[in-house]
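Undergrad: Residue-level listing of the chains:
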Amino acid sequence: MKNYYIGIDIGSISTKGVIIDDNSNILVSKYIWTEANPIKAVKDLLKDLKMGIPKDGQIKGIGTTGSARKLIGLMVDASIVKNEITAHAIGTLHYYPDVKTILEIGGQDSKIIIINNGIVSDYAMNTLCAAGTGAFLTSQAKRLGLSVEELGQMALSSKTPVKIAARCSVFAESDLIHKAQVGYNKEDIVAGLCRSVVINYLNNVGKGKRIEGPIVFQGGVSKNSGVVKYFKEILKQDIIVDENSHLMGAIGIALLAMQNKTSKTYDLNMIDIRFETKGFECQGCSNNCEILKIYRGQKLIDVWGNRCPKGLKEENMNI
Amino acid sequence: MGNYFIPVNYLLKHILKTEVIPSPPISSKTIELGNKYSPDFVCTPFKFTLGTILEAIENGADTIIQAGGGCRYGYYHELQEQIISDLGHNILFINLVSQGKTDLKKLYHDMKQIDSDFNFLKGLYYLYITAKMVKYMDKIDHYIRSNLGFEEKEGSFTQLQKQMLEAFSKVNNPLSLYLKYLKYKKQFKKIKTNKPLKPLKVGIIGELYTIMEPFANYELEKELAKYNIEVKRYTNVHYLLFEKKKQAQKYVKYAKEYIKYKMGADAADNIGRCKYLCEKKYDGIIHIKSSFCTPEIGAMPIISKICRYYDVPLLNFSFDTNTSEVGIKTRIEAFYDMIEMRKKYEELLHRD
Numbered sequence: 000m001k002n003y004y005i006g007i008d009i010g011s012i013s014t015k016g017v018i019i020d021d022n023s024n025i026l027v028s029k030y031i032w033t034e035a036n037p038i039k040a041v042k043d044l045l046k047d048l049k050m051g052i053p054k055d056g057q058i059k060g061i062g063t064t065g066s067a068r069k070l071i072g073l074m075v076d077a078s079i080v081k082n083e084i085t086a087h088a089i090g091t092l093h094y095y096p097d098v099k100t101i102l103e104i105g106g107q108d109s110k111i112i113i114i115n116n117g118i119v120s121d122y123a124m125n126t127l128c129a130a131g132t133g134a135f136l137t138s139q140a141k142r143l144g145l146s147v148e149e150l151g152q153m154a155l156s157s158k159t160p161v162k163i164a165a166r167c168s169v170f171a172e173s174d175l176i177h178k179a180q181v182g183y184n185k186e187d188i189v190a191g192l193c194r195s196v197v198i199n200y201l202n203n204v205g206k207g208k209r210i211e212g213p214i215v216f217q218g219g220v221s222k223n224s225g226v227v228k229y230f231k232e233i234l235k236q237d238i239i240v241d242e243n244s245h246l247m248g249a250i251g252i253a254l255l256a257m258q259n260k261t262s263k264t265y266d267l268n269m270i271d272i273r274f275e276t277k278g279f280e281c282q283g284c285s286n287n288c289e290i291l292k293i294y295r296g297q298k299l300i301d302v303w304g305n306r307c308p309k310g311l312k313e314e315n316m317n318i
Numbered sequence: 000m001g002n003y004f005i006p007v008n009y010l011l012k013h014i015l016k017t018e019v020i021p022s023p024p025i026s027s028k029t030i031e032l033g034n035k036y037s038p039d040f041v042c043t044p045f046k047f048t049l050g051t052i053l054e055a056i057e058n059g060a061d062t063i064i065q066a067g068g069g070c071r072y073g074y075y076h077e078l079q080e081q082i083i084s085d086l087g088h089n090i091l092f093i094n095l096v097s098q099g100k101t102d103l104k105k106l107y108h109d110m111k112q113i114d115s116d117f118n119f120l121k122g123l124y125y126l127y128i129t130a131k132m133v134k135y136m137d138k139i140d141h142y143i144r145s146n147l148g149f150e151e152k153e154g155s156f157t158q159l160q161k162q163m164l165e166a167f168s169k170v171n172n173p174l175s176l177y178l179k180y181l182k183y184k185k186q187f188k189k190i191k192t193n194k195p196l197k198p199l200k201v202g203i204i205g206e207l208y209t210i211m212e213p214f215a216n217y218e219l220e221k222e223l224a225k226y227n228i229e230v231k232r233y234t235n236v237h238y239l240l241f242e243k244k245k246q247a248q249k250y251v252k253y254a255k256e257y258i259k260y261k262m263g264a265d266a267a268d269n270i271g272r273c274k275y276l277c278e279k280k281y282d283g284i285i286h287i288k289s290s291f292c293t294p295e296i297g298a299m300p301i302i303s304k305i306c307r308y309y310d311v312p313l314l315n316f317s318f319d320t321n322t323s324e325v326g327i328k329t330r331i332e333a334f335y336d337m338i339e340m341r342k343k344y345e346e347l348l349h350r351d
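Note that the protein sequences, when read in sequence, are chains R and V.
Take the first sequence: its position 108, counting from 1, is numbered 107 in numbering that gives the first Met the number 0, and each next residue is one higher.
Take the second sequence: its position 316, counting from 1, is numbered 315 in numbering that gives the first Met the number 0, and each next residue is one higher.
Treat the hints as calculated values from the structure; they're not laboratory data.
Bear in mind the structure is a predicted one, so any value in this text is a computation, not a measurement.
From the three backbone atoms N, C-alpha and C, an ideal C-beta is built for every residue, glycine too.
One or more hints might be untrue.
[Said to hold, decoys possible] Computed footprint of chain R on chain V, listed as stretches where at least three residues anywhere in the stretch have a Cβ under 8 Å from a Cβ of chain R:
(1) 23-30
(2) 298-311
(3) 335-349
Chain R with its partners taken away, still in its complex shape (with noise of 0.2 Å):
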């Protein structure tokens, strides 16, 4: 029998899933969007991911990234729950053991890895503003009736890129607008769109940081290849995108799997069981507590959320 660790990257835009095998070769992968359905995203993950495993391999184990990286560990019963960031610097890690700087770019989250002597010594991530990050190139590109995916190429070809206010996503989307209105052509906007990702990146994120070379861009924005030529430009030093960059948090968990053996071994069906949330406020005390309870099948199986064990009780469930 092969053993094999499954990585899962759950991201608030898009889900990423990884098989490995004991010498850290990628069996399968898959990329889809999550569609603010961790849970479904999920099952449809596994269930492609199923198929590629062979007859005599089975699972040892399952690590969970991601925001939804509790929830979905809770109902794989994954081995091992950490956060992205430690996730990201063990994958890039592997690939690139000289790796100074990873600058990674998701869908809401942004984030900035400095690693030295191949440990991580300084990390940042993006507090308030949204405007470098994907769902901001999503909705930016729907607005100009453009696919993500044309985004990069499409700036490309500009040579004069319009300059866009990039502190706040607000600003940012009104000075298109006015950019667009005024007769600006598109690969123009495209490409300063991609340069405000950039600018407001080093700005917010980057802000103080050291950022040296080799640097590794990754994340789903890292496959925009506008916003990687002014990554260059700008830092005026080359940077890395590996094939997998997207995928790089997924793998990093799937290492740590592989690290974190357990005699376990997992049987993938169990996806087809029912796994269900249900919210509600705790009316306890004035902290009104949101509450979230956990059901496997029918059994609850964990409650998150409160504050004391007030929220626990049944007359304070009134759902």
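Given chain R, work out where chain V should sit, using these hints.
TA: For chain V alone, kept in the frame of chain R given last:
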């Protein structure tokens, strides 16, 4: 703010004959109320305290006592008084600190206004006991913070602390307070912990209200304790009332390569502490503040410069009334992973 309502209630109960309405613990409702009637861009403690005042009025309070400090806190009283009266409440406001100074004579008159039998000497006597109480509370707090992450039985520290505060609020002279303190100190030392020889150590610095009110910092200290981290924090009420005057000047001198003069509120103190923690080889520093806190915004670039110089990881948090809790937890988890990895790497280096 934290557990400090206990000594404050104690003081007022003993010096005034009127009924003292303890402000309810801060909850989501407090924040909602405060948010509704505050200017949007005011610093977060203003919203918290305004919410608390409104809740106290709901519970029947007709006199509000507010303090002040060396930043925007100094204007809280005036603005809150205006907002409350605009809302149609007829409330007597007593300001302990006005224009940066406490006017004892005016305070005496204010107290007389609430209670005509107010006795100045009696007031001083209980003020002394209260000050001592705060001092003992802070000392015990200090011990708890560095050991909370290592208790064998979960909740034993919190439970004993509750008992201690209960006992403190019943004393009536300085000696019995001191004896109670000694008794509980012994009991705290007896609580079994499994602290390793070299635990991960993190220092928390930042703006005073956010640092002292667990609700405002999303129980950061308890969260860190879950990861078995020893926590160090300097800011407490005893520091602010009795030590700050002397210490702040020392901090400026100590960190003279970074600052030349005080920057308002605790900014200079925090810069000094940051340097100290770095030199003491702490594994990480967490700087927290409420949104729009100007003195700390001024301190932040200097703090990150110090941390870069000493190569100590720094995590910044800026808490508002509607910060996502999940985001905070992710950052703390990643911070823990990072400092643990660094520590292991360093240990490996020293072994070779």
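Undergrad: Next, verify each hint and record whether it holds.
TA: Consistency of the hints with the structure:
1. For a cut-off of 8 Å, the count of residues in the region 23-30 of chain V with a CB near a CB of chain R stands at 5, and the three-residue condition holds.
2. By the rule of at least three residues with a Cβ nearer than 8 Å to a Cβ of chain R, the coverage given for the region 298-311 of chain V holds, with 4 such residues.
3. Note: the region 335-349 of chain V has 5 residues with beta-carbon separation from chain R under 8 Å; the three-residue rule is met and the coverage holds.
Violated hints: none; the structure is consistent with every hint.
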